[in-house]
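Note that the sequence shown ends on residue 1178 in my numbering; no numbers are left out.
In case anyone wonders, no lab produced these hints; they're calculated from the structure.
Any given hint could turn out to be false.
Label pairs and their in silico Cβ distance ranges [as the list claims (entries may be wrong)]:
(1) P959 x A980: 38 to 46 Å
(2) P968 x N940: 15 to 23 Å
(3) L1169 x E1062: 22 to 30 Å
(4) A1151 x R997: 23 to 31 Å
(5) L1064 x R1163: 23 to 31 Å
(6) D1131 x P973: 15 to 23 Å
(7) D1093 x G1114: 18 to 26 Å
(8) E1058 x G1095: 24 to 32 Å
(9) A1151 x V1038: 33 to 41 Å
All figures in this text were calculated on a predicted structure; none of them were measured in a lab.
Glycine is no exception: its CB is placed at the ideal position from the N, C-alpha and C atoms.
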Amino acid sequence: MAQLLQVGRAFRSATGIPHEFALRVYVPAEDLDALYAPLLPRALPPEEAGVNQLTEQLARLAAPGADPLPPASEPLWTLPFSCAPAGRRMLAAGLGDFPVFHPPQRLRRSLRLVALAEEEGGQPLPSLLVPEEAVKAAGERVTREHFTPVYARQAAFTAPMAWFAPFTAEDHVESLHHGNRVHRCAVPVDVATRRVVHAAQVVEDAGGEDLEGLGEDLTHLARWLGAFPANGLLVLHYGAVADRFQPDESPQDLQDAVALLDARDDTGAAVAFRRLMHRWLPLAHLETAS
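Working from the sequences, and respecting the hints, build out all of it.
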């Protein structure tokens, strides 16, 4: 019965990915570590890859004695470079379209979370849920994965404010999948990096304790993006819980706030920041309520 309850919870939480937000990097095939080469022919679009992960998660939960950690190898995610509006404009200059790929790296990211909990202390839950032997065995399975960058960042219920710095309103993309509208923002990595570096510099120059956390987040985001090729894509995948305020105006709000900070209009910047925060507060309350 307990396993069936776990499956039910997994289905409710994973179907449509209602509350998870992800910032994912997709890169051309030639920029992937050779380890991923055999997976290229079986790459899946993001929506299908999400369903594939859900099926695998349910199967593991339903199987007694199954490994509690995700598999070491799973299908790559893929999108055409032209899915980003800015990418289409670049291709209009005469370049041909090409696919870009995202390695989910769920096992690697899961192990990082366990390690982080151990480093910070006071977080025994991962160790209680995942036996130490399982963690060690999983670590051995990812030793062949030599490519250093982690290709995804995830957040539940709300997206961190810094995540909107790489995008503008023009980067919003809407598509249909089995009758459901799917929302994302997509932009080439080089464009995203320039925007984040600029925002980080403006916030740092503005100073103030209220902006210290945002400045650090922007700096870390810029460093992360610097590990990827310029002709990759940075994609913000929205959780379905944010569908009610799509198309999302948060990228524009953050862009306005940065521009006003740069113009030394602290009052106007505060108004723009407040618009962004008030949009996301109801979702943050959902996380507490759950």
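Looking back at the hints listed earlier, which ones does the structure fail to meet? When the structure is compared with the hints, only number 4 turns out to be violated.
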